[in-house]
Amino acid sequence: MSKSLSLFVPALGGTVLVLGLAYGIASRHYGQQTITSLETRVAQTEASAARAREAARAAAQEAAKLAAERDALQDVASTSGDLTAPAPVAAAGFNLGRQALPEEIAAWDVDVLPDGRGLPVGSGDVWTGEEVFVDKCASCHGDFAEGRDNWPVLAGGFDTLADEDPVKTVGSYWPHLSTAWDYINRSMPFGEAGTLTADETYAIVAYLLYSNDMVDDDFVLSNENFTDVEMYNADGFVIDDRPALEYPAWRTEPCMENCKTSVEITMRATFLDVTPEDGGESVMNHASTTGTPTFSASAAADDDGAPTATIDGMDPTLVAAGEGAFRQCSSCHQVGASARNSSGPQLNGLLGRTIGSVDGFRYSNTFGDANAAGDVWTEENLAAFLADPRGAMPGTKMSFRGVRNEEDIAALIAYLASVEAE
Amino acid sequence: MKDIGKTSRRAFLRGTAAIAAGGVAGKAMAQETPDPLITELQEWASYLGAGVDETPYGLPIRFESDVVRRNVEWLTASPISSINFTPIHALDGTITPQGCAFERHHSGAIELSKEDYRLMINGLVDEPLVFTYADLERFPRENHVYFCECAANTGMEWAGAQLNGAQFTHGMIHNMEYTGVPLRTLLNEAGLGAAGDLSDKWVYVEGADASSNGRSIPMEKALDDVLVAFKANGEALRMEHGYPARLVVPGWEGNLWVKWLRRVEVVDRAVESREETSKYTDVYEDGTARKWTWVMDAKSVITSPSPQMPITHGTGPLVISGLAWSGHGKITRVDVSKDGGITWETARLGKQGDTKALTRFYLDMDWDGSPMLLQSRAMDETGYVQPTKHQLRQMRGENAVYHNNCIQTWLVNEEGIAENVEVS
Numbered sequence: 001m002s003k004s005l006s007l008f009v010p011a012l013g014g015t016v017l018v019l020g021l022a023y024g025i026a027s028r029h030y031g032q033q034t035i036t037s038l039e040t041r042v043a044q045t046e047a048s049a050a051r052a053r054e055a056a057r058a059a060a061q062e063a064a065k066l067a068a069e070r071d072a073l074q075d076v077a078s079t080s081g082d083l084t085a086p087a088p089v090a091a092a093g094f095n096l097g098r099q100a101l102p103e104e105i106a107a108w109d110v111d112v113l114p115d116g117r118g119l120p121v122g123s124g125d126v127w128t129g130e131e132v133f134v135d136k137c138a139s140c141h142g143d144f145a146e147g148r149d150n151w152p153v154l155a156g157g158f159d160t161l162a163d164e165d166p167v168k169t170v171g172s173y174w175p176h177l178s179t180a181w182d183y184i185n186r187s188m189p190f191g192e193a194g195t196l197t198a199d200e201t202y203a204i205v206a207y208l209l210y211s212n213d214m215v216d217d218d219f220v221l222s223n224e225n226f227t228d229v230e231m232y233n234a235d236g237f238v239i240d241d242r243p244a245l246e247y248p249a250w251r252t253e254p255c256m257e258n259c260k261t262s263v264e265i266t267m268r269a270t271f272l273d274v275t276p277e278d279g280g281e282s283v284m285n286h287a288s289t290t291g292t293p294t295f296s297a298s299a300a301a302d303d304d305g306a307p308t309a310t311i312d313g314m315d316p317t318l319v320a321a322g323e324g325a326f327r328q329c330s331s332c333h334q335v336g337a338s339a340r341n342s343s344g345p346q347l348n349g350l351l352g353r354t355i356g357s358v359d360g361f362r363y364s365n366t367f368g369d370a371n372a373a374g375d376v377w378t379e380e381n382l383a384a385f386l387a388d389p390r391g392a393m394p395g396t397k398m399s400f401r402g403v404r405n406e407e408d409i410a411a412l413i414a415y416l417a418s419v420e421a422e
Numbered sequence: 001m002k003d004i005g006k007t008s009r010r011a012f013l014r015g016t017a018a019i020a021a022g023g024v025a026g027k028a029m030a031q032e033t034p035d036p037l038i039t040e041l042q043e044w045a046s047y048l049g050a051g052v053d054e055t056p057y058g059l060p061i062r063f064e065s066d067v068v069r070r071n072v073e074w075l076t077a078s079p080i081s082s083i084n085f086t087p088i089h090a091l092d093g094t095i096t097p098q099g100c101a102f103e104r105h106h107s108g109a110i111e112l113s114k115e116d117y118r119l120m121i122n123g124l125v126d127e128p129l130v131f132t133y134a135d136l137e138r139f140p141r142e143n144h145v146y147f148c149e150c151a152a153n154t155g156m157e158w159a160g161a162q163l164n165g166a167q168f169t170h171g172m173i174h175n176m177e178y179t180g181v182p183l184r185t186l187l188n189e190a191g192l193g194a195a196g197d198l199s200d201k202w203v204y205v206e207g208a209d210a211s212s213n214g215r216s217i218p219m220e221k222a223l224d225d226v227l228v229a230f231k232a233n234g235e236a237l238r239m240e241h242g243y244p245a246r247l248v249v250p251g252w253e254g255n256l257w258v259k260w261l262r263r264v265e266v267v268d269r270a271v272e273s274r275e276e277t278s279k280y281t282d283v284y285e286d287g288t289a290r291k292w293t294w295v296m297d298a299k300s301v302i303t304s305p306s307p308q309m310p311i312t313h314g315t316g317p318l319v320i321s322g323l324a325w326s327g328h329g330k331i332t333r334v335d336v337s338k339d340g341g342i343t344w345e346t347a348r349l350g351k352q353g354d355t356k357a358l359t360r361f362y363l364d365m366d367w368d369g370s371p372m373l374l375q376s377r378a379m380d381e382t383g384y385v386q387p388t389k390h391q392l393r394q395m396r397g398e399n400a401v402y403h404n405n406c407i408q409t410w411l412v413n414e415e416g417i418a419e420n421v422e423v424s
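Chains as they are written, first to last, in our numbering: chain A, 1 to 422; chain B, 1 to 424.
Hints listed in this document are in silico derivations from the structure and should not be mistaken for laboratory results. Heads up, some of the hints might be wrong.
What the hints assert, rightly or not - 20 angstroms max Cα-Cα, derived SDA-like pairs, lysine to any residue:
| no. | chain 1 | residue 1 | chain 2 | residue 2 |
| --- | --- | --- | --- | --- |
| 1 | B | 291 | A | 162 |
| 2 | B | 330 | A | 242 |
| 3 | B | 291 | A | 243 |
| 4 | B | 279 | A | 260 |
| 5 | B | 279 | A | 238 |
| 6 | A | 260 | B | 391 |
My request is simple: use the sequences and hints to build the entire structure.
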């Protein structure tokens with residue numbers, strides 16, 4: 001501050017001196033002086049304008065330069081998109097995760113390969129297999145692996161693969177026995193995966209081979225003779241040959257006009273009766289084909305699912321909620337006029353019914369014992385059973401984890417109480 | 001400059017006048033009495049609406065309550081091991097909202113927390129590893145939009161036109177933006193030196209649920225574009241889609257997209273699991289079956305009009321809308337026929353096709369009320385043209401179950417009602 005001030009003071013003094021001289025001259029030659037002064041101002045203003053033009057030119061040049069830089073950047077961004085990049089890979093890794101322990105790998109790495117690698121030591125015979133199968137598998141697959149309801153058929157179906165309705169079973173279709181062992185050991189029984197011992201799995205697989213007439217009744221399957229078993233359809237598979245057979249034919253310029261002479265409707269979904277007499281083979285599992293849904297645009301929105309009938313002494317809202325909750329039960333249990341036993345017994349008039357008393361249903365021993373003791377279904381014991389089936393009735397065949405929500409249990413009981421005995 | 005502006009403005013005004021005149025003359029409906037929705041004060045214009053604290057996480061407004069996943073009960077023995085269908089007939093654009101994206105479970109959808117999540121990489125690797133969920137979020141990640149189509153989509157239609165609705169014939173598909181870590185990054189972390197020559201190696205992938213749904217994937221694909229994803233459409237995966245992490249296998253059948261992914265094992269051959277032998281193999285007319293049919297070929301369907309989406313507005317402007325996709329890459333073109341395949345016209349794509357993602361197409365037409373046999377035909381960047389049902393059956397018979405990518409036909413009658421049909 002002090003430095004700039006000391007520079008400024010002499011300059012100011014100089015200016016005062018110049019103005020004083022000009023004033024003295026002007027008082028003597030006023031007109032000429034005014035002209036000179038105006039000329040000076042014109043010259044000064046012109047010089048200033050020239051400087052401004054120069055500055056503007058420089059600014060315009062700078063702006064053009066910046067715009068060019070911007071355009072270049074935009075070109076890079078829009079043409080090659082190269083502000084994006086794939087996730088970088090570090091050759092040496094990211095040093096994340098930890099080493100898997102042998103015990104952990106042993107617990108999870110249980111897959112069995114077609115050449116038998118992965119099989120544990122063990123064995124099981126056909127008769128043991130039948131016992132285990134009837135106890136743990138037959139409620140869905142049938143005593144003879146023939147399949148109940150829509151559950152998979154596991155036996156038979158030989159030489160049907162070229163038929164109108166192929167029956168794809170372990171015997172007729174599966175190319176490797178390892179697949180059966182691996183899947184049963186890993187994912188069966190449905191709802192109790194991972195609970196079979198190695199010997200039980202060997203026994204079940206032995207029984208399936210017997211059910212398919214592939215071994216005699218004295219057969220014992222073990223890790224030692226496992227790969228000796230020859231599968232019926234082992235050579236029935238080819239690796240995807242669409243690239244050779246289909247792609248050359250279908251990578252052609254398509255027709256746009258006069259592609260056909262006429263078009264007739266050959267089939268209508270509306271008229272199709274898709275219900276085969278025997279339930280048949282279907283897409284996902286082995287499905288029957290009743291009740292093909294048809295929808296119009298507004299039908300679904302109008303149906304709010306509210307019950308139309310009310311039942312004396314019951315909360316219709318609770319009953320309706322129970323009907324909704326019952327959907328998860330309905331794959332195994334039926335109710336209503338046409339109810340019959342399927343994977344589970346029919347449940348008409350359940351409350352007040354003697355436990356384990358439905359004709360024609362093969363109950364577990366624990367249900368047999370309750371039946372012999374004359375026990376009856378009450379709201380209390382049904383609630384306990386629904387909450388924890390295997391805890392309340394140890395040994396039950398019902399493969400269901402239980403209902404967690406108490407409101408759902410109350411609703412289910414209300415709904416089941418509303419279903420009269422037929 | 002000024003002159004050009006004037007000229008174009010005049011031309012614009014002339015054009016507007018012409019359109020307005022034509023519009024007035026062509027209006028099908030004239031309003032006789034004032035519309036009370038306009039002339040009377042409506043309660044929503046007077047009373048107050050919902051506050052911002054009312055819905056921390058929103059569902060669609062109740063008027064859209066029929067836009068939901070639906071199940072076809074007779075397809076499977078139990079809803080626990082079953083599939084439902086995306087309401088594609090009622091959606092537009094290409095992204096499928098998670099809440100209505102189809103589900104396929106083999107032992108039900110499980111609740112697995114991030115804290116309880118573990119992912120093991122083992123087998124022919126230099127160091128078998130275990131990752132936590134938190135580890136996954138520390139690897140560099142990517143974003144990609146991909147379709148996921150069940151191999152059995154349209155499978156019920158092999159033997160004939162069966163289900164009346166695009167939701168049921170083509171709804172085993174969804175299309176989401178995934179955020180995840182490339183599988184190659186995780187394999188690299190464990191080290192593939194022990195695997196030696198990678199050209200004949202595989203990864204075996206399995207889930208944490210009771211079915212485990214194990215599948216074998218060739219190493220070439222595993223190192224290409226497969227992701228371990230933990231977000232979809234910006235938010236965490238839904239339980240039913242594999243929360244907290246699932247495999248994304250772009251362009252390949254949905255069964256490979258293992259949910260609740262818990263283990264990736266490097267192996268020297270395909271495991272030949274239940275889901276790649278007894279299921280997801282395609283039986284042909286002579287009884288032999290194709291296996292390892294992973295890629296989903298190019299396919300399309302008109303979503304509206306369709307049996308669940310009849311034309312309710314009568315004659316005049318009609319938007320035909322549909323979806324196209326290919327597991328081989330980008331959709332380059334979609335043709336639409338209104339006469340069952342005699343003549344075709346090229347549809348307008350909503351936007352440029354993304355690789356292995358859904359592409360939306362439109363055909364904007366003036367409907368005169370005559371019946372139509374609507375078809376769509378997709379082409380992808382490999383030049384593949386979506387085949388007719390007849391072509392597919394000639395090649396494969398009627399029992400393949402999976403990979404039915406045939407051209408679909410909807411019959412639209414004079415009233416605008418649409419029906420699933422087959423044509424000669």
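A quick look at each hint next to the structure:
1. B:291 x A:162: 16 angstroms, holds
2. B:330 x A:242: 19 angstroms, holds
3. B:291 x A:243: 13 angstroms, holds
4. B:279 x A:260: Violated, at about 37 angstroms.
5. B:279 x A:238: Distance ~14 angstroms between residue 279 (chain B) and residue 238 (chain A) Cα, so the pair holds.
6. A:260 x B:391: 14 angstroms, holds
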